[in-house]
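Enquirer: Here's the letter readout for the chains.
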Amino acid sequence: MSSQELLSFRLNGQPVTTPCEPARILLDLLREDLEETGTKRGCDLGTCGCCTVLLDGRPTLSCLSLARLVEGCEVTTIEGVSPPQGLSPVQAAFVAHGATQCGFCTPGFVLTATALLKENPHPSREEIVRAISGNLCRCTGYTKIIEAIDAAARGGP
Amino acid sequence: MHLDPFELHRPTSLDATVRLAGDLAGRFDYLAGGTDLLPNYKMHLNLRPHLIALDRVPELRGRSLERLGAMERLADLERDPALRAAFPGLADAVSEVATPLVRASGTVGGNLLVETRCFFFNQSYFWRASLGFCLKADGDRCHVVPQKERCYATFSGDLAPPLIALDAEVEIAGADGRRRIPLAAMYDAGGDGIRRTTLAPGEIVVAVHLPSAARGLRSRYKKLRVRPSYDFPELGVAVAGRWEDGGRVERLRLAIGGAETYPRRFDDLTSALEGGTLSDERVRALAEAVGERVRPVHNTFLLPDYRRRMVAVYVRRALAEARAGRAG
Numbered sequence: 001m002s003s004q005e006l007l008s009f010r011l012n013g014q015p016v017t018t019p020c021e022p023a024r025i026l027l028d029l030l031r032e033d034l035e036e037t038g039t040k041r042g043c044d045l046g047t048c049g050c051c052t053v054l055l056d057g058r059p060t061l062s063c064l065s066l067a068r069l070v071e072g073c074e075v076t077t078i079e080g081v082s083p084p085q086g087l088s089p090v091q092a093a094f095v096a097h098g099a100t101q102c103g104f105c106t107p108g109f110v111l112t113a114t115a116l117l118k119e120n121p122h123p124s125r126e127e128i129v130r131a132i133s134g135n136l137c138r139c140t141g142y143t144k145i146i147e148a149i150d151a152a153a154r155g156g157p
Numbered sequence: 001m002h003l004d005p006f007e008l009h010r011p012t013s014l015d016a017t018v019r020l021a022g023d024l025a026g027r028f029d030y031l032a033g034g035t036d037l038l039p040n041y042k043m044h045l046n047l048r049p050h051l052i053a054l055d056r057v058p059e060l061r062g063r064s065l066e067r068l069g070a071m072e073r074l075a076d077l078e079r080d081p082a083l084r085a086a087f088p089g090l091a092d093a094v095s096e097v098a099t100p101l102v103r104a105s106g107t108v109g110g111n112l113l114v115e116t117r118c119f120f121f122n123q124s125y126f127w128r129a130s131l132g133f134c135l136k137a138d139g140d141r142c143h144v145v146p147q148k149e150r151c152y153a154t155f156s157g158d159l160a161p162p163l164i165a166l167d168a169e170v171e172i173a174g175a176d177g178r179r180r181i182p183l184a185a186m187y188d189a190g191g192d193g194i195r196r197t198t199l200a201p202g203e204i205v206v207a208v209h210l211p212s213a214a215r216g217l218r219s220r221y222k223k224l225r226v227r228p229s230y231d232f233p234e235l236g237v238a239v240a241g242r243w244e245d246g247g248r249v250e251r252l253r254l255a256i257g258g259a260e261t262y263p264r265r266f267d268d269l270t271s272a273l274e275g276g277t278l279s280d281e282r283v284r285a286l287a288e289a290v291g292e293r294v295r296p297v298h299n300t301f302l303l304p305d306y307r308r309r310m311v312a313v314y315v316r317r318a319l320a321e322a323r324a325g326r327a328g
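Going down the list, the sequences are from chains X and H. Reading the first sequence from the start, the letters are residues 1 to 157 in the working numbering. Reading the second sequence from the start, the letters are residues 1 to 328 in the working numbering.
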């Protein structure tokens, strides 16, 4: 493969074609090349979950993904979660429950929660706790985040 | 963190993969889920100029109660109720690997071949340079047990102990074709700690095979770690056996990981219990005997004396839960 090779995939529903070197990490491609900075760089080593995106619908650590391997895939970032007007149900619930403080970890939590509710629309509290156990929040603690996801699952903010 | 440049290969068959591995001998790493390799690359640990991505090799896929393809993702194993019913100890271990996000990418083969860990190794280049590096990367001496012959980094995979306790075999492909060996034999690598497996250069793990006798055994995996939601094992104890409630033990296996450089089984100790009942006294004696043999060193977060004392505790707990659980 030449290092000048173009990478094509769908980002938040839109086709994207961009030059991409083999060693390019998906997180760096999103933030630096495509300027989609909603996806956050936390630990950069897979510990914190701030960089979570959905890869073909599955929560994935973009800091540990080679960009070249998403060729032909659908990548959803926090920018793709919100409907054209307003907020997604998970986002609305996070606002209503004050489930953010500094907000840095929030995109990752929202994507993890969005994928959870798609796979399991009525999770128990324990299932919610387990699902978000790879996303770290250093401000609020987790109670409000859990309550927000639970509320979104029940159909209200 | 940006990665240093490398060439990326993405073969679409096992034959092409093995051929490529031959051509690139010694100058490549296989890339499975990337959750272990890429953090290590970010830390400049043993970089290679080529990566062979395995995500498009169909022979490495597929999951049944007989065979787990090496590229099967841990998250998919975790969601498989048939697998949990047949192999509860393995299911425990799968669901306790790191976090759901790591398991979404992490694979069976990747966990079996996860790089050994040590707090003198899993550090940045700058940190390691300040100590003159170590035997495992860029240097020639060990800081844990000062000498220049043996690496004491800790085997940190969670799947190996339960699979060894189930007498699983591993299917391997290389330039000379395919072969199958007991998984335990893959780790019987001579003991210098640098050579982690008996795989020949370029050989690749294709799948794990589970014998039919492993199905429905009473089994458990107990994992000691600092943060229960994330960390690598400081100790992992797997047991698998067959016995009726209160009856004689027909079969018993025990394997340990996270404590030494290689996962280890204790067949001489466990087979001595076969034919008798699993009394509290016998369980206690087994736990003590295993604990006597395990020798952790000071290279992970918890102190070695504590980890060593926990061996007997975790053996007892694993067996107590296996006794309480129904045979599958």
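Simulated from the structure, these hints should not be mistaken for lab results. Please note that the accuracy of each hint is not assured.
[What the hints assert, rightly or not] Computed, partial: chain H to chain X, Cβ under 10 angstroms: (1) E7; (2) G34; (3) M43; (4) G216.
[As the list claims (entries may be wrong)] Far from chain X, some chain H residues (derived; all Cβ distances over 12 angstroms): (5) P5; (6) D245; (7) E288.
[To be verified] For each label pair, taking beta carbons as the anchor points, the in silico distance ranges come out as: (8) Q14/X x M1/H: 26 to 34 angstroms; (9) A25/H x G155/X: 55 to 63 angstroms; (10) A96/X x A289/H: 52 to 60 angstroms.
We put the beta carbon where it would ideally sit given N, CA and C, even for glycine.
Enquirer: Taking the hints in turn, state whether each one holds.
Expert: Going through the hints against the structure:
no.: 1; hint: E7; verdict: holds, 6 angstroms
no.: 2; hint: G34; verdict: holds, 5 angstroms
no.: 3; hint: M43; verdict: holds, 8 angstroms
no.: 4; hint: G216; verdict: violated, 26 angstroms
no.: 5; hint: P5; verdict: violated, 5 angstroms
no.: 6; hint: D245; verdict: holds, 29 angstroms
no.: 7; hint: E288; verdict: holds, 34 angstroms
no.: 8; hint: Q14/X x M1/H: 26 to 34 angstroms; verdict: holds, 28 angstroms
no.: 9; hint: A25/H x G155/X: 55 to 63 angstroms; verdict: holds, 58 angstroms
no.: 10; hint: A96/X x A289/H: 52 to 60 angstroms; verdict: holds, 57 angstroms
When each numbered hint is compared with the structure, violations occur for hints 4, 5.
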